[in-house]
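Asks: Going line by line, the protein sequences match chains R, D and A. In this text, residue positions in the first sequence follow the numbering used here: the first is 1, and each later residue adds one. In this text, residue positions in the second sequence follow the numbering used here: the first is 1, and each later residue adds one. In this text, residue positions in the third sequence follow the numbering used here: the first is 1, and each later residue adds one.
Since the hints were made in silico from the structure, they are not lab data. A hint or two may mislead.
[As the list claims (entries may be wrong)] To be clear about the criterion: a stretch of chain D counts as covered by chain R if any three or more of its residues have a C-beta under 8 angstroms from a C-beta of chain R, and this derived list gives those stretches:
id : region
1  : 189-201
2  : 268-278
[To be verified] A few chain D positions that, by computed beta-carbon distances, are all more than 10 angstroms from chain A:
id : residue
3  : Arg-87
4  : Ser-144
5  : Gly-162
6  : Asp-258
C-beta: ideal position from N, C-alpha, C; glycine also.
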Amino acid sequence: MSAKAYSVIGTRPIRHDGADKVTGRALYGADFTAAGLLHGAIVRSPHAHARIKSIDTTRALAFPGVKAVVTSADFPETAERMVDLGEGDTPLSYARGNVLAIDKVLYRGHAVAAVAAASPHVAEEAAALIDVVYERLPCVLTAPEAMLESAPQLHDGKSNLASQFQHVLGDAAKGFAEADVVVEREFNTATVHQGYIEPHNATALWNNDGRVHVWCSTQGSFVVRDCTALILDIPVSRVKVTPMEIGGGFGGKIPVYLEPVAALLSKKSGRPVKIVMTRKDCFEATGPTPGSFMRVKIGATKDGRITAAQAYLAFEAGAYPGAMVGPAGMTVFAPYDIPNAVVDGFDVVVNKPSTAAYRAPGAPNAAFATESVIDELAQKLGIDPIEFRLKNAAKEGTRRVDGPKFRRIGCVEVLEAMKNHPHYSAPLGGPNRGRGVAVGFWFNVGLQSSATLNVNADGTVNLVEGSTDIGGTRTSIAMQAAEVLGIPVADVNPSVADTDSVGFTAVTGGSRTTFATGWAAYEAAQDVVRQMKQRAAKLWEVEAAAVSFDSGVFTSGGRKLTFKELADQLPATGGPVVGSATVNPRGVGGSFAGNIVDVEVDPETGKTTILRFTAVQDVGKAIHPSYVEGQMQGGSVQGIGWALNEEYFMGADGTMMNSSFLDYRMPTALDLPMIDTCIVEVANPGHPFGVRGVGEANIVPPTPAIANAIERATGVRMTRLPMSPPTVMEALWSAGN
Amino acid sequence: MKWFDYECPRTVEAAVGLLSAPGRKVRALAGGTDLLVQLRAGRREADLVVDIKEIGELNELRLDSSGLTIGAAVPCYRIYNDPAICRAYPGLIDAVSLIGGTQIQGRASLGGNLANAAPSADAVPILIALGAQCLIAGPGGPRSLPVEDFCVAPGRNALAPGELLVSIHLAPPLPGSGAAYLRFIPRNEMDIAVVGAGASVVLKGNVFAAARIALASVAPVPLFVADAGDSLIGKPVDEASINAAAEIARAAAKPITDMRGTAEYRRHLCGVMTRRAIARAIARGKETN
Amino acid sequence: MPAQTHVTATINGEPVQFLCEPRQSLLECLRDILGMTGTKEGCNDGNCGSCTIVFDGRIVTSCLVLGVEARGKEISTIEGIARGNRLHPLQQAFLENAALQCGICTPGFIVAAKALLDQEPEPDEERIRFWLANNLCRCTGYDKIVRAVEQAAAVCKQEAAR
Ligand SMILES: Cc1cc2nc3c(=O)[nH]c(=O)nc-3n(C[C@H](O)[C@H](O)[C@H](O)COP(=O)(O)OP(=O)(O)OC[C@H]3O[C@@H](n4cnc5c(N)ncnc54)[C@H](O)[C@@H]3O)c2cc1C
Ligand code: FES
Ligand code: FES
Chain R
1 MSAKAYSVIG
11 TRPIRHDGAD
21 KVTGRALYGA
31 DFTAAGLLHG
41 AIVRSPHAHA
51 RIKSIDTTRA
61 LAFPGVKAVV
71 TSADFPETAE
81 RMVDLGEGDT
91 PLSYARGNVL
101 AIDKVLYRGH
111 AVAAVAAASP
121 HVAEEAAALI
131 DVVYERLPCV
141 LTAPEAMLES
151 APQLHDGKSN
161 LASQFQHVLG
171 DAAKGFAEAD
181 VVVEREFNTA
191 TVHQGYIEPH
201 NATALWNNDG
211 RVHVWCSTQG
221 SFVVRDCTAL
231 ILDIPVSRVK
241 VTPMEIGGGF
251 GGKIPVYLEP
261 VAALLSKKSG
271 RPVKIVMTRK
281 DCFEATGPTP
291 GSFMRVKIGA
301 TKDGRITAAQ
311 AYLAFEAGAY
321 PGAMVGPAGM
331 TVFAPYDIPN
341 AVVDGFDVVV
351 NKPSTAAYRA
361 PGAPNAAFAT
371 ESVIDELAQK
381 LGIDPIEFRL
391 KNAAKEGTRR
401 VDGPKFRRIG
411 CVEVLEAMKN
421 HPHYSAPLGG
431 PNRGRGVAVG
441 FWFNVGLQSS
451 ATLNVNADGT
461 VNLVEGSTDI
471 GGTRTSIAMQ
481 AAEVLGIPVA
491 DVNPSVADTD
501 SVGFTAVTGG
511 SRTTFATGWA
521 AYEAAQDVVR
531 QMKQRAAKLW
541 EVEAAAVSFD
551 SGVFTSGGRK
561 LTFKELADQL
571 PATGGPVVGS
581 ATVNPRGVGG
591 SFAGNIVDVE
601 VDPETGKTTI
611 LRFTAVQDVG
621 KAIHPSYVEG
631 QMQGGSVQGI
641 GWALNEEYFM
651 GADGTMMNSS
661 FLDYRMPTAL
671 DLPMIDTCIV
681 EVANPGHPFG
691 VRGVGEANIV
701 PPTPAIANAI
711 ERATGVRMTR
721 LPMSPPTVME
731 ALWSAGN
Chain D
1 MKWFDYECPR
11 TVEAAVGLLS
21 APGRKVRALA
31 GGTDLLVQLR
41 AGRREADLVV
51 DIKEIGELNE
61 LRLDSSGLTI
71 GAAVPCYRIY
81 NDPAICRAYP
91 GLIDAVSLIG
101 GTQIQGRASL
111 GGNLANAAPS
121 ADAVPILIAL
131 GAQCLIAGPG
141 GPRSLPVEDF
151 CVAPGRNALA
161 PGELLVSIHL
171 APPLPGSGAA
181 YLRFIPRNEM
191 DIAVVGAGAS
201 VVLKGNVFAA
211 ARIALASVAP
221 VPLFVADAGD
231 SLIGKPVDEA
241 SINAAAEIAR
251 AAAKPITDMR
261 GTAEYRRHLC
271 GVMTRRAIAR
281 AIARGKETN
Chain A
1 MPAQTHVTAT
11 INGEPVQFLC
21 EPRQSLLECL
31 RDILGMTGTK
41 EGCNDGNCGS
51 CTIVFDGRIV
61 TSCLVLGVEA
71 RGKEISTIEG
81 IARGNRLHPL
91 QQAFLENAAL
101 QCGICTPGFI
111 VAAKALLDQE
121 PEPDEERIRF
131 WLANNLCRCT
141 GYDKIVRAVE
151 QAAAVCKQEA
161 AR
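Take these sequences, add in the hints, and give me the full structure.
Replies: Structural data, given as structure tokens:
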């Protein structure tokens with residue numbers, strides 16, 4: 001555990017952007033406006049799979065108030081090539097095709113054309129006047145069906161099975177032969193959505209000098225810049241992205257959908273164009289997380305040692321390849337030290353929206369399967385489920401099935417904290433109740449981040465960074481700079497800059513922002529200290545090496561200057577001090593999370609009520625404990641929604657039947673108890689403050705923890721998500737209740 | 001949304017005049033919590049929207065010896081904020097306090113809930129169970145209609161062109177009467193009934209003197225199950241009578257399979273919710289006995 | 001284009017006039033015509049509560065009110081909650097309790113919660129959760145929001161006692 005005493009880290013300051021956000025002054029993407037602004041509307045496919053025979057824009061263009069109409073024909077003519085949009089190579093035509101359909105529509109809601117007009121209402125009316133002739137094609141909606149020979153093919157001449165992989169560790173056949181008990185089950189999970197409250201939005205101005213300026217809510221302004229440039233085939237230097245405040249993303253606001261379209265409309269109309277999605281568009285036409293079909297088999301000896309494990313993971317990528325089955329394959333057995341394992345993963349395209357990342361993408365699906373099977377094994381072996389996990393827990397040096405060995409991790413510490421938590425031994429207090437536990441793992445990515453610190457003469461510093469702030473990261477990054485500089489965090493004034501004003505910074509995602517951009521701020525602060533030491537040396541006429549710095553005070557011999565005092569001397573000692581740093585850190589620290597959950601199941605309706613929920617997580621070092629708790633609580637509740645009610649309810653024709661917040665049923669305040677948190681701190685040796693990525697692991701254990709609790713309450717094991725009242729009731733019926 | 005004109009008449013006559021405008025698609029606007037959503041989604045069309053909230057009769061909320069009169073445009077919150085109404089009609093309060101959430105209840109009216117004629121409308125089963133009457137104005141003069149005859153098909157009501165629902169009237173509660181509305185939803189608020197059950201009973205000692213039962217979301221329109229209520233009359237207040245009535249309700253339901261549940265599940269829930277609603281109505285009836 | 005409607009209303013205590021089309025929601029009028037973008041849009045169909053305002057003394061979702069319906073009405077929005085230069089205890093409590101992450105839901109929650117505290121100074125947890133069920137937050141899991149409202153209630157009570 002990290003024992004070092006910090007003065008800023010570990011405290012709970014009020015966020016720098018707080019006043020703006022509680023008064024309504026903070027400007028989010030949809031709040032942006034500009035002189036001469038036009039409003040865009042998108043024409044979307046009513047079919048899940050069809051060939052576009054023709055698009056006639058005549059009637060729309062004639063509609064009063066309409067200024068421009070675009071289709072995929074307005075993309076520049078560029079030869080097909082592979083492009084990297086930050087998630088590996090994809091054909092350019094796929095990247096473009098998801099923005100405006102080329103030749104075929106692959107899911108209902110697929111963008112086909114767009115209109116810019118004087119008002120959103122006029123744009124919408126005009127969009128309805130674009131005449132698209134479709135040749136409908138049969139659609140396929142699940143991975144197992146899409147893999148059949150007879151399935152309709154989404155991409156002409158290419159198999160629906162876009163890719164597959166296998167990880168092998170040891171000898172699974174031998175391992176299963178050594179097992180005394182083997183449990184094997186099949187699992188299905190429905191497509192779910194990140195459910196951020198702010199719809200996607202973008203405003204673009206294609207200026208007369210050929211420069212494109214985009215204002216939008218995004219998790220990564222540089223991703224938007226690079227993707228927009230690639231899709232429009234213009235140099236990145238001509239695109240500037242100004243990130244506005246962002247109303248949630250959870251992975252879903254990494255891809256671009258609207259930006260290139262708004263840019264094309266602006267190019268044609270000569271005016272700035274804003275497009276804001278409707279909620280229905282968000283559900284139908286952004287990137288939800290894959291539905292999945294999984295088979296997991298685990299064997300153990302009588303004394304509770306796991307001998308072998310096997311997983312078959314088929315994930316629905318949606319319209320274009322990239323179903324996050326890779327991380328599912330890496331995390332599926334991550335919490336355990338398993339000598340023999342084999343994992344097969346399949347990335348399958350289906351006629352649903354192209355999936356995107358959603359908080360620990362792939363891991364919750366996989367954990368639902370593994371942690372359910374682990375629970376059943378523990379039951380069969382008569383071992384306490386936490387004890388069973390502890391017996392097999394991954395530790396430093398444990399090899400994952402996909403190859404890498406873990407460095408220092410906190411799996412055991414999380415399990416110990418769960419075991420010792422008062423919740424675990426509290427009485428359940430009533431009939432039809434059950435308690436479930438589960439654990440889960442998620443990585444922490446490094447990637448590039450930049451930060452600049454400008455020292456002001458009054459001893460404050462301005463921090464400029466490029467990570468859009470979705471949950472208080474301005475402050476958690478500023479705290480790391482303040483810690484180094486030995487000044488109060490209120491004296492660090494952070495701002496999130498546009499892509500012209502800060503060095504490249506990767507997305508706010510992958511649990512990386514506090515970790516990596518925080519690290520950049522740490523390094524930039526070290527740079528400031530280095531330069532300020534030189535200034536002190538100059539004043540005191542000593543060697544810089546003779547100046548030391550501790551807790552905000554520069555000293556040399558008997559002389560001392562506080563940070564503030566020295567800052568005041570900067571004009572006289574050579575001018576401003578600007579510290580800057582770029583990082584691409586390697587020392588990432590993955591995080592384990594565990595849940596203890598009590599449920600009550602109404603045996604007459606199948607409805608599950610969450611009575612008590614405890615979230616435990618190894619966070620390395622909690623920079624701002626309130627925000628860490630907030631991540632744990634938010635991830636837990638998204639997991640609860642995933643477990644109990646959220647799903648894309650698809651009609652046979654590929655129409656999402658519940659594309660509204662009314663019918664998609666995310667948890668409301670009334671559906672939940674308080675979410676207790678228990679922060680475990682096993683310092684990440686790879687980070688200067690021991691930070692691990694904390695944003696995502698917390699969504700991994702809830703679905704199996706709840707499934708395990710339902711099993712304890714009812715005796716019925718649920719193998720399908722969501723475990724909605726009708727599914728639980730049906731399971732109770734088939735079990736003969 | 002397509003363009004529409006907006007009028008805000010002050011009298012029933014003026015409203016009826018506007019609603020009767022020949023050749024126009026006219027829609028009354030009460031709280032707008034159904035209408036605006038539907039217009040925006042293109043599920044309904046209007047070229048003239050007639051705001052009826054400034055009309056005196058439609059805003060009336062009066063409890064007196066003749067019973068309770070609820071103007072068709074009165075939003076839910078006004079009903080549950082009235083302690084006397086809460087005491088006299090707790091079953092009605094069940095329904096008005098679970099429609100939407102706080103904000104929706106600040107706007108949503110019983111008139112709109114009825115006139116929208118959704119099979120899932122939460123206020124309708126309890127109004128049927130309480131034997132409420134709809135008071136209607138129109139080009140042909142006023143008329144009244146029992147609530148159970150008001151909804152005729154999903155999204156269609158019994159109003160003739162130009163007619164306006166003015167108010168809903170409930171008789172004064174009898175001694176020994178109790179009513180309740182319960183619905184089943186996967187969340188705890190902000191949801192559409194998978195099944196809803198409204199029950200009202202009148203108890204004489206340990207015997208049912210009268211009972212009415214109606215269901216939501218199990219048929220094309222809110223379903224009045226007269227037989228279920230009738231089966232209770234003269235029966236002792238016990239589990240067997242309740243179960244028998246619930247079974248009749250279950251059998252009468254004609255639910256469909258959709259995203260809210262399978263037909264089988266819904267039929268099952270009908271029995272469960274009816275039983276629970278009757279039990280709660282009885283508990284309330286005993287308090288007033 | 002058919003004529004727009006002239007609307008006079010009182011917003012956050014100030015008389016306000018604007019022109020709008022009947023089809024424009026009050027939310028659009030506030031945001032796009034009056035530039036009051038503190039009120040947010042999350043769903044445009046009454047489900048998320050981001051657009052919550054006080055309309056004629058009651059909280060409503062302004063996406064389900066027409067701008068023309070505002071004629072002669074009293075309206076208050078998130079922009080009118082702070083007391084001059086001082087934050088309202090709810091705003092302060094949201095900050096101190098880290099009851100916001102992305103913050104898009106925050107204006108709606110604060111407006112809704114203020115209406116609750118204005119009428120019921122001591123709501124319990126269940127009451128707060130019930131009252132706020134028309135407001136969705138996807139980031140926080142509501143725990144810290146509920147605690148912030150509880151804290152603000154206590155502060156308001158103290159202030160009232162003074
Ligand atoms: C987020 C949300 C949650 C909801 N939850 C529920 C719920 O839990 N349960 C439920 O039952 N409903 C629910 N609803 C639907 C809706 O709120 C109710 O049906 C409400 O009672 C409708 O009343 P209103 O005054 O808003 O009607 P409006 O939308 O104004 O009108 C509805 C329809 O009735 C017509 N109409 C209205 N008044 C009259 C009249 N006097 N004469 C003739 N025609 C008239 C209108 O033209 C329109 O077609 C919900 C809606 C939303 C947006
Ligand atoms: S935008 Fe009005 S409730 Fe969501
Ligand atoms: S803080 Fe993001 S939705 Fe509530």
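Asks: Confirm or reject each hint.
Replies: A quick look at each hint next to the structure:
1. 189-201: Check passed, 5 qualifying residues.
2. 268-278: Answer holds; 3 residues pass the 8 angstroms Cβ test.
3. Arg-87: holds, 20 angstroms
4. Ser-144: Correct as stated: the minimum Cβ-Cβ distance to chain A is 29 angstroms, above 10 angstroms.
5. Gly-162: holds, 21 angstroms
6. Asp-258: Given a closest Cβ separation of 19 angstroms, the condition holds.
No hint from the list above goes unmet by this structure.
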